[in-house]
Every structure is written in structure tokens, then in C-alpha cells.
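S.K.: The opening residue of the sequence shown carries number 1 in full-length UniProt numbering; numbering runs sequentially from there.
Everything labelled a hint here was simulated from the structure, so no lab data went into it.
Don't take each hint at face value.
Below, a list of computed lysine to aspartate or glutamate pairs in the EDC-like style, where the Cα atoms sit at most 16 angstroms apart [unchecked claim]: (1) K6 to D17; (2) K29 to E8; (3) K83 to E118.
Keep in mind that this is a model prediction, so the values were computed, not measured.
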Amino acid sequence: YIIAAKQETSGFEIVADRDELAVIAGIVKDMGLTRIGFEDEISVSYYHRMQAAFAGLDLFPQTQFVEGLRMIKDEAEIAAIRKACSISDQAFRDALDFIKPGKTEIEIANFLDFRMRELGASGLSFDTILA
1 YIIAAKQETS
11 GFEIVADRDE
21 LAVIAGIVKD
31 MGLTRIGFED
41 EISVSYYHRM
51 QAAFAGLDLF
61 PQTQFVEGLR
71 MIKDEAEIAA
81 IRKACSISDQ
91 AFRDALDFIK
101 PGKTEIEIAN
111 FLDFRMRELG
121 ASGLSFDTIL
131 A
């Protein structure tokens, strides 16, 4: 994952550490923050780990904070969604010509995967399911 993160991003420092809270605590300290918000649906054990890592800081729960951020799309994200829809639409249209009696589900799924990549998809969000 570290290699992929370094290859697929720029402008970020990739930090590999087994204790993510220790890394975050260091960043928080460097930034001089005194309050940290967190998703309110974490486990009790993780909350206790947070209390230990961020001792002396004010921890406050946030309800659906990440979900709220996900709802708001900027122009770049909208453009990426449009491109993804265009790629998948074209791949499915092409698959209609590819599908013939005797083709297996795996052959059709492989065709769709390959065609989407040919059309510019950088990857698939999940395995293609064909039934």
C-alpha cells in the first residue's frame, strides 16, 4: 500500500506507521491544536486509545461529519463522475455487441473490465458481477 500511495499521489508525505494515532498526535501537536473532532460511531476501545494518544486535548464527537463532506461535490469531482458514467455507458453498449450465445459470464465480465480500462478507467471500484 505504501508503494501504491507514493506512486498515485503527489504533494503529500506518505507516513508508514502501525500506530496511526501516534502519528496523528504528532501532527496535532505540531499544529498547536487543542480540540479534535471525531466520528461518533467509533468503538469504545478506539475512543479509549484516542483519549490516551490525545491526552490533554478536548475530544468532541461529530455526527455524520464525513458523510456531510461526501455530499458536497466540487467541479472536479462532478467532472470525474461524469467521465466515469460515460466510460461505463460506452463499455456496456460495447458489451451488447460482444454478448453472444455460448459466452460465459466470466468472458463477458472480463470484456467489460478490459473495455472500461481501454476507455480510460484507472481502475474498478469493485469486481464486476455478472449473472
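S.K.: Indicate, hint by hint, whether the structure satisfies it.
M.R.: Results for each hint:
1. A threshold of 16 angstroms between alpha carbons decides the hint, and for K6 with D17 the separation of about 15 angstroms falls inside it, so the pair holds.
2. As the CA atoms of K29 and E8 are separated by approximately 28 angstroms, the hinted pair breaks the 16 angstroms bound.
3. For a cut-off of 16 angstroms, the pair hint linking K83 to E118 stands: about 13 angstroms separates their Cα positions.
Figure legend: structure checked against the earlier numbered hints; the only hint not met is number 2.
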